[in-house]
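**Q** Chains as they are written, first to last, in our numbering: chain A, 1 to 297; chain B, 1 to 84; chain C, 1 to 335; chain D, 1 to 377.
To be clear, the hints were calculated from the coordinates, so they are not data collected in a lab.
Mixed in with the good hints there might be a few duds.
Derived SDA-like pairs: lysine to any residue, alpha-carbon spacing no greater than 25 Å straight-line [what the hints assert, rightly or not]:
hint: 1; chain 1: D; residue 1: K173; chain 2: C; residue 2: R11
hint: 2; chain 1: D; residue 1: K19; chain 2: D; residue 2: A128
hint: 3; chain 1: A; residue 1: K289; chain 2: B; residue 2: Q35
hint: 4; chain 1: A; residue 1: K289; chain 2: B; residue 2: D37
hint: 5; chain 1: D; residue 1: K120; chain 2: C; residue 2: Q300
hint: 6; chain 1: C; residue 1: K275; chain 2: C; residue 2: G238
hint: 7; chain 1: D; residue 1: K173; chain 2: C; residue 2: E193
hint: 8; chain 1: A; residue 1: K289; chain 2: C; residue 2: D33
hint: 9; chain 1: D; residue 1: K120; chain 2: C; residue 2: A328
hint: 10; chain 1: A; residue 1: K61; chain 2: B; residue 2: R33
hint: 11; chain 1: A; residue 1: K289; chain 2: A; residue 2: L78
hint: 12; chain 1: A; residue 1: K289; chain 2: C; residue 2: D174
hint: 13; chain 1: A; residue 1: K289; chain 2: B; residue 2: R33
hint: 14; chain 1: A; residue 1: K289; chain 2: B; residue 2: G20
hint: 15; chain 1: D; residue 1: K120; chain 2: C; residue 2: A235
hint: 16; chain 1: D; residue 1: K120; chain 2: C; residue 2: T329
hint: 17; chain 1: D; residue 1: K173; chain 2: C; residue 2: D317
hint: 18; chain 1: A; residue 1: K289; chain 2: B; residue 2: E78
hint: 19; chain 1: A; residue 1: K289; chain 2: C; residue 2: R205
hint: 20; chain 1: A; residue 1: K289; chain 2: C; residue 2: R290
hint: 21; chain 1: D; residue 1: K173; chain 2: C; residue 2: N107
Small disclaimer: the values here were computed from a predicted structure and weren't measured.
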Amino acid sequence: MYSAAKIHGFLHLYIGEEAVAVGVLQALTPDDAIVATYREHGQALARGVPAASLMAEMFGKANGSSRGRGGSMHIFDLARRFYGGYAIVGGGLPVAVGLALADRLSGREGRLTACFFGDGAVAEGEFHESLNLAALWELPVLFLCENNLYAMGTPIRQELAQPDISLRAESYGIPAEPVDGMDVIAVEEAARRAAIQVRRTGAPLFLELRTYRFRAHSMADPDLYRTKDEIGDWRQRDPIALLEARLREAKLIADDDVSALESDVAAELDHAVGVAEAGPFEPVEDLTKDVYGRSAQ
Amino acid sequence: MTDDQIREGVLRVLAGIVPGADLTALRPDLGLRDQLDIDSMDYLNLAIGIHEELQVDIPESAYDQLETLDDFVRYLAERTSGST
Amino acid sequence: MSVQLAGGSSRRVRLTYREAVRAGMRHALSADDRVFLMGEDVGSYGGAFAVSLGLLDEFGPERIRNTPLSESAFVGAGIGAALGGMRPIVEVMTINFSLLALDQIVNNAATLRYMSGGQLEVPLVVRMATGGGRQLAAQHAHSLEVWYAHVPGIKALAPATVEDARGMLLAALDDPDPVFIFEHATLYPLEGEVDEEPRPVDICRASVRREGGDVTLVTYGGSLAACLAAADDLADEGIEAEVVDLRTLRPLDMDTVLVSLGKTHHAAIVDEGWKTGSLAGEVSAQIMERGFDLLDWPVQRVCSAEVPIPYAKHLEDAALPSRERVAATVREMLV
Amino acid sequence: MPTLGADMSVGILSSWLKKPGDTVQRGDIIAVVHTDKADVEVETFASGVIERMLVEPGSEVPVGTPLAVIRESGEAEPTAASEQEARLMISPSARELAHELGVDPAEVRGSGPGGRIQRKDVEAAAAARDPARPPPSAPRPAVAPQAPAAAPSADDRGAAMRRAIGAAMSRSKREIPHFYLGHTIDLSRAMSWLTESNVHRSVSERLLHGVLLLKAVALALRVVPELNATWQGDEVVRHDDVNIGVAIALRGGGLVAPAIRHTDELSLDELMHAFRDLVTRARRYSLRSSEISAPTITVTSLGERTVDTVFGVIFPPQVAIVGFGAVVERLWVSDGQVLPCPVVSVSLSADHRVTDGHRASAFLVALDRLLQEPEEL
Numbered sequence: 001m002y003s004a005a006k007i008h009g010f011l012h013l014y015i016g017e018e019a020v021a022v023g024v025l026q027a028l029t030p031d032d033a034i035v036a037t038y039r040e041h042g043q044a045l046a047r048g049v050p051a052a053s054l055m056a057e058m059f060g061k062a063n064g065s066s067r068g069r070g071g072s073m074h075i076f077d078l079a080r081r082f083y084g085g086y087a088i089v090g091g092g093l094p095v096a097v098g099l100a101l102a103d104r105l106s107g108r109e110g111r112l113t114a115c116f117f118g119d120g121a122v123a124e125g126e127f128h129e130s131l132n133l134a135a136l137w138e139l140p141v142l143f144l145c146e147n148n149l150y151a152m153g154t155p156i157r158q159e160l161a162q163p164d165i166s167l168r169a170e171s172y173g174i175p176a177e178p179v180d181g182m183d184v185i186a187v188e189e190a191a192r193r194a195a196i197q198v199r200r201t202g203a204p205l206f207l208e209l210r211t212y213r214f215r216a217h218s219m220a221d222p223d224l225y226r227t228k229d230e231i232g233d234w235r236q237r238d239p240i241a242l243l244e245a246r247l248r249e250a251k252l253i254a255d256d257d258v259s260a261l262e263s264d265v266a267a268e269l270d271h272a273v274g275v276a277e278a279g280p281f282e283p284v285e286d287l288t289k290d291v292y293g294r295s296a297q
Numbered sequence: 001m002t003d004d005q006i007r008e009g010v011l012r013v014l015a016g017i018v019p020g021a022d023l024t025a026l027r028p029d030l031g032l033r034d035q036l037d038i039d040s041m042d043y044l045n046l047a048i049g050i051h052e053e054l055q056v057d058i059p060e061s062a063y064d065q066l067e068t069l070d071d072f073v074r075y076l077a078e079r080t081s082g083s084t
Numbered sequence: 001m002s003v004q005l006a007g008g009s010s011r012r013v014r015l016t017y018r019e020a021v022r023a024g025m026r027h028a029l030s031a032d033d034r035v036f037l038m039g040e041d042v043g044s045y046g047g048a049f050a051v052s053l054g055l056l057d058e059f060g061p062e063r064i065r066n067t068p069l070s071e072s073a074f075v076g077a078g079i080g081a082a083l084g085g086m087r088p089i090v091e092v093m094t095i096n097f098s099l100l101a102l103d104q105i106v107n108n109a110a111t112l113r114y115m116s117g118g119q120l121e122v123p124l125v126v127r128m129a130t131g132g133g134r135q136l137a138a139q140h141a142h143s144l145e146v147w148y149a150h151v152p153g154i155k156a157l158a159p160a161t162v163e164d165a166r167g168m169l170l171a172a173l174d175d176p177d178p179v180f181i182f183e184h185a186t187l188y189p190l191e192g193e194v195d196e197e198p199r200p201v202d203i204c205r206a207s208v209r210r211e212g213g214d215v216t217l218v219t220y221g222g223s224l225a226a227c228l229a230a231a232d233d234l235a236d237e238g239i240e241a242e243v244v245d246l247r248t249l250r251p252l253d254m255d256t257v258l259v260s261l262g263k264t265h266h267a268a269i270v271d272e273g274w275k276t277g278s279l280a281g282e283v284s285a286q287i288m289e290r291g292f293d294l295l296d297w298p299v300q301r302v303c304s305a306e307v308p309i310p311y312a313k314h315l316e317d318a319a320l321p322s323r324e325r326v327a328a329t330v331r332e333m334l335v
Numbered sequence: 001m002p003t004l005g006a007d008m009s010v011g012i013l014s015s016w017l018k019k020p021g022d023t024v025q026r027g028d029i030i031a032v033v034h035t036d037k038a039d040v041e042v043e044t045f046a047s048g049v050i051e052r053m054l055v056e057p058g059s060e061v062p063v064g065t066p067l068a069v070i071r072e073s074g075e076a077e078p079t080a081a082s083e084q085e086a087r088l089m090i091s092p093s094a095r096e097l098a099h100e101l102g103v104d105p106a107e108v109r110g111s112g113p114g115g116r117i118q119r120k121d122v123e124a125a126a127a128a129r130d131p132a133r134p135p136p137s138a139p140r141p142a143v144a145p146q147a148p149a150a151a152p153s154a155d156d157r158g159a160a161m162r163r164a165i166g167a168a169m170s171r172s173k174r175e176i177p178h179f180y181l182g183h184t185i186d187l188s189r190a191m192s193w194l195t196e197s198n199v200h201r202s203v204s205e206r207l208l209h210g211v212l213l214l215k216a217v218a219l220a221l222r223v224v225p226e227l228n229a230t231w232q233g234d235e236v237v238r239h240d241d242v243n244i245g246v247a248i249a250l251r252g253g254g255l256v257a258p259a260i261r262h263t264d265e266l267s268l269d270e271l272m273h274a275f276r277d278l279v280t281r282a283r284r285y286s287l288r289s290s291e292i293s294a295p296t297i298t299v300t301s302l303g304e305r306t307v308d309t310v311f312g313v314i315f316p317p318q319v320a321i322v323g324f325g326a327v328v329e330r331l332w333v334s335d336g337q338v339l340p341c342p343v344v345s346v347s348l349s350a351d352h353r354v355t356d357g358h359r360a361s362a363f364l365v366a367l368d369r370l371l372q373e374p375e376e377l
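Whole structure, please, built from the sequences with the hints as guidance.
**A** Next up, the structure:
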């Protein structure tokens with residue numbers, strides 16, 4: 001759709017990292033809040049935001065999840081407590097801390113806020129300020145570092161003096177655990193354990209989900225900083241293929257199931273594209289709508 | 001004079017009467033009074049402006065049938081046809 | 001605080017500006033469980049300007065929250081808490097420090113409602129001290145309000161009176177959008193008389209603080225006093241200045257300015273920001289766009305000198321707009 | 001003013017060597033200019049007849065300022081005796097005022113920098129032209145108390161501008177013991193007369209029904225003159241002049257109520273002209289402060305397509321306000337017959353310190369009677 005010029009601007013593909021979103025979201029309840037990044041359509045889908053509403057958003061249509069105001073980097077769905085895609089690296093972390101603070105102050109015990117961010121965010125001041133504040137005030141935030149080894153095109157070793165990200169969380173007194181982010185079952189297990197602990201203690205916890213994106217940073221990225229071999233090695237551990245192999249091995253699925261699933265996905269995508277194509281553009285007269293809640297100009 | 005010329009003429013007059021209004025957003029099929037919040041003084045000024053711009057004298061008895069921009073264009077088209 | 005009865009039955013009290021902000025916060029904290037205050041040293045220290053002194057004892061540490069020195073995190077947490085249904089009041093010590101939170105303010109607070117297609121709402125109030133005049137030099141004394149007034153999605157208020165100090169805070173808490181309140185630090189000791197019962201004030205309109213027919217002085221915040229004093233001086237010379245307090249810097253109420261200009265045909269804008277790119281420049285541009293035909297003299301601006309605000313008193317005095325500079329500017333306009 | 005050296009920016013015209021009406025040839029010396037360095041003779045670049053001088057001896061003007069207008073031989077168009085296009089230096093507001101007062105800006109001597117004409121110059125020119133009439137400089141509005149948060153005081157005459165109205169209305173409701181009377185008036189005769197009358201008028205001379213109402217109010221005040229008054233200090237001051245303040249809604253909110261002076265003495269045509277001018281200028285924020293402070297009573301009308309009835313709040317220091325609702329068709333009993341008639345609901349809000357229901361009702365009765373004889377208005 002991007003290649004067909006239906007989707008514009010930046011588009012950051014999630015291919016390769018699917019196990020992270022799917023595994024973590026399985027472990028959450030509808031009452032939990034989610035804060036994500038500009039690569040958030042994976043989390044949005046896993047949260048249950050309809051594919052059609054995402055596709056329409058990317059098409060810039062008024063039936064999109066943000067009425068076409070946000071695009072691929074800014075998916076919001078208040079009803080699903082999906083508090084959106086933040087496109088300033090690290091910018092979502094303080095907001096997540098605040099959402100958890102609101103739960104604490106209004107006595108909504110047992111809720112947590114799941115906050116996704118990448119390894120690039122770890123170098124930002126907001127990462128440190130937010131971890132410190134969440135730990136200091138013992139707020140129920142589940143920090144989820146999606147470590148795909150590159151901050152855009154810069155490898156983690158050129159980015160972080162201490163590339164062991166878990167150590168940084170522990171320095172704030174937040175328990176942290178690295179997880180194989182290519183294995184959806186491992187991710188779900190770790191996320192469930194973590195969620196239970198956050199709900200019980202009301203204090204933050206940190207998971208480092210080690211993953212890899214198979215495609216470039218965004219559609220604008222020629223991917224000059226990685227070798228084909230490196231990408232090929234990681235593709236050997238494609239989380240979807242990995243899961244399929246395990247399910248086949250356990251005789252939980254057969255060829256028929258796989259092809260049925262694939263045609264379901266294709267149908268859902270066709271439907272999403274159809275809805276997006278058919279959707280109206282927001283009238284230009286509404287350009288200044290929703291800048292303020294009360295008419296201010 | 002074409003309908004478009006008449007329409008432009010009326011819009012020019014309106015722009016002078018309601019400065020700052022976004023006339024590009026004006027719906028030609030809806031009433032001017034409500035869309036532009038104009039009162040009887042504005043309406044009179046509109047009639048005067050049209051007289052100056054298009055040399056058509058709209059009698060007061062016709063006011064009732066002139067609510068929308070389309071009404072004006074239709075009415076004026078009948079009265080300017082053949083004059084140029 | 002002294003209490004007296006004035007016209008009618010409403011009890012009037014004398015408060016300082018500082019007490020008025022505190023009274024506003026106390027009223028809101030008592031009336032609404034969703035309201036809480038957070039910021040650096042707002043607890044037992046009582047805030048850098050002693051505005052929140054005593055509130056910790058009354059409302060406890062859950063609702064009067066000391067934060068670490070992490071402007072970005074606690075302003076962002078205010079945004080998150082507002083999204084989560086709270087009504088946070090965030091105190092940032094000074095406007096210079098607020099720059100550390102600019103990402104949260106400009107990229108998040110101002111955008112979330114719009115970018116989410118109207119789904120999200122950020123009813124956040126951020127208060128901060130602004131302005132010079134206390135020999136605090138170039139990292140504590142600037143007037144950067146215009147940077148906030150530049151950003152659609154937030155509202156920017158500059159209370160210049162005791163009544164506005166209290167009432168604007170309450171109005172801001174009633175507002176569904178992020179509201180920034182800039183309290184000029186020299187105003188905290190200012191005394192004024194207000195109704196005992198705190199009430200929100202209108203935050204959509206500018207206010208004519210003094211009427212006059214010869215020249216309109218447009219100002220806000222800490223410069224109001226200089227304008228009123230200059231108007232006194234000018235009155236002795238037979239020049240009647242009308243003083244318009246903008247009160248709200250975004251959205252600007254230009255109608256009040258233009259009505260005044262329709263009377264005086266002369267405008268000078270007094271703004272403690274630097275002249276280049278100032279709010280005074282914006283007001284002037286809007287006068288050109290909407291009130292050109294009213295002018296009998298080019299619009300004049302009295303702003304701070306284009307220097308980092310210096311420490312030494314004589315230099316700081318020379319840098320900031322003063323009563324004398326305002327009066328001299330007006331005299332030149334009325335030759 | 002020609003440039004007589006690269007560093008010259010202004011020059012003083014010392015003297016003219018020619019006078020209006022003189023014929024000059026290109027190259028003739030027509031004036032002497034004083035610069036920092038010397039007195040210099042100025043030659044003309046045009047041939048023709050000097051129409052008029054634009055700069056008086058002794059004036060200092062910037063380089064490029066036209067000095068005189070020369071009508072070239074055989075041409076109708078005047079040209080300026082300068083290398084630049086003639087451009088009048090005048091402030092936008094002064095230009096507007098000159099237009100209003102019928103003063104030719106070219107005849108006005110500017111007192112501002114570079115000879116720029118200001119409002120006061122136009123006012124002086126108008127006064128000089130017509131010495132009987134005082135210059136229209138506005139009486140200064142009273143100064144409000146200087147405490148920043150204080151409301152304007154009760155005797156504040158400049159309170160009519162919109163922001164002050166908020167304070168004025170609160171004060172009004174606090175201080176003025178209002179009472180209200182209402183009456184419905186059959187406008188059949190007035191509206192038919194108006195329709196008939198407008199048929200014979202060109203579009204720019206047509207009357208609005210509001211003008212009839214204004215005139216009738218003005219004449220009814222002759223019957224009950226105590227309503228045409230202001231409350232000053234502790235007493236009521238009646239006014240001989242009837243200056244009706246007309247409440248005008250501004251686009252985008254707010255209102256002003258400037259006066260039409262001597263409303264009772266104006267013909268309907270004059271009144272219509274004044275009304276139209278006032279509305280136009282009010283909406284351009286171009287009112288004079290004298291108009292704002294002049295009203296002796298106010299009339300408010302919410303327009304022809306709105307509510308039936310309006311009860312106004314008195315603008316201090318006035319003591320009454322008359323409110324008209326929309327003109328609507330209602331069933332009306334007249335001479336034992338029920339007929340649809342155009343009617344208007346009129347209300348009077350008056351100050352009980354000044355008058356009472358009996359006198360006030362006489363006003364509404366007089367108003368009704370006047371509107372039954374529209375041809376007499």
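**Q** Evaluate each hint against the coordinates.
**A** Going down the list of hints, with the structure as the test:
1. With a CA separation close to 19 Å, the supplied pair K173(D) and R11(C) stays within the 25 Å bound.
2. The hinted pair formed by K19(D) and A128(D) meets the criterion: a straight-line CA distance of about 23 Å does not exceed 25 Å.
3. A distance of roughly 18 Å separates the Cα atoms of K289(A) and Q35(B); the hinted pair therefore holds under the 25 Å criterion.
4. Of the supplied pair hints, the one linking K289(A) and D37(B) holds, its CA atoms being roughly 20 Å apart against a limit of 25 Å.
5. Distance restraint check for K120(D) and Q300(C): the Cα-Cα separation of roughly 19 Å lies within the 25 Å cut-off, and the hinted pair is therefore satisfied.
6. With a C-alpha separation of about 29 Å, the suggested pair K275(C) and G238(C) falls outside the 25 Å cut-off, and the hint is violated.
7. For the hint pairing K173(D) with E193(C), the CA-to-CA distance comes to about 22 Å; that is within 25 Å, so the pair holds.
8. For the proposed pair K289(A) and D33(C), the alpha carbon gap of about 30 Å is over 25 Å, so the pair is violated.
9. For the suggested pair K120(D) and A328(C), the alpha carbons sit about 20 Å apart, so the restraint of at most 25 Å is met.
10. Restraint check: the Cα-Cα separation between K61(A) and R33(B) comes to about 33 Å, which exceeds 25 Å; the hinted pair is violated.
11. Between K289(A) and L78(A) the CA atoms are separated by roughly 18 Å; this keeps the pair inside 25 Å, and the hint holds.
12. Among the hinted pairs, K289(A) with D174(C) is consistent with the structure: their alpha-carbon atoms are about 20 Å apart, no more than 25 Å.
13. Distance restraint check for K289(A) and R33(B): the Cα-Cα separation of roughly 23 Å lies within the 25 Å cut-off, and the hinted pair is therefore satisfied.
14. With a C-alpha separation of about 19 Å, the suggested pair K289(A) and G20(B) falls inside the 25 Å cut-off, and the hint holds.
15. Pair hint K120(D) plus A235(C) holds up; C-alpha atoms about 19 Å apart against a cutoff of 25 Å.
16. Proposed proximity of K120(D) and T329(C) is supported: the alpha carbons are some 19 Å apart, at most 25 Å.
17. In summary, the hint linking K173(D) to D317(C) is not supported, as the alpha carbons are separated by about 45 Å, beyond the 25 Å threshold.
18. About 40 Å separates the Cα atoms of K289(A) and E78(B), which puts this hinted pair outside 25 Å; it is violated.
19. Simply put, K289(A) and R205(C) have alpha-carbon atoms about 21 Å apart, close enough for the 25 Å limit, and the pair holds.
20. Annotation: proposed proximity of K289(A) to R290(C) holds, straight-line Cα distance about 24 Å (limit 25 Å).
21. A threshold of 25 Å between alpha carbons decides the hint, and for K173(D) with N107(C) the separation of about 47 Å lies outside it, so the pair is violated.
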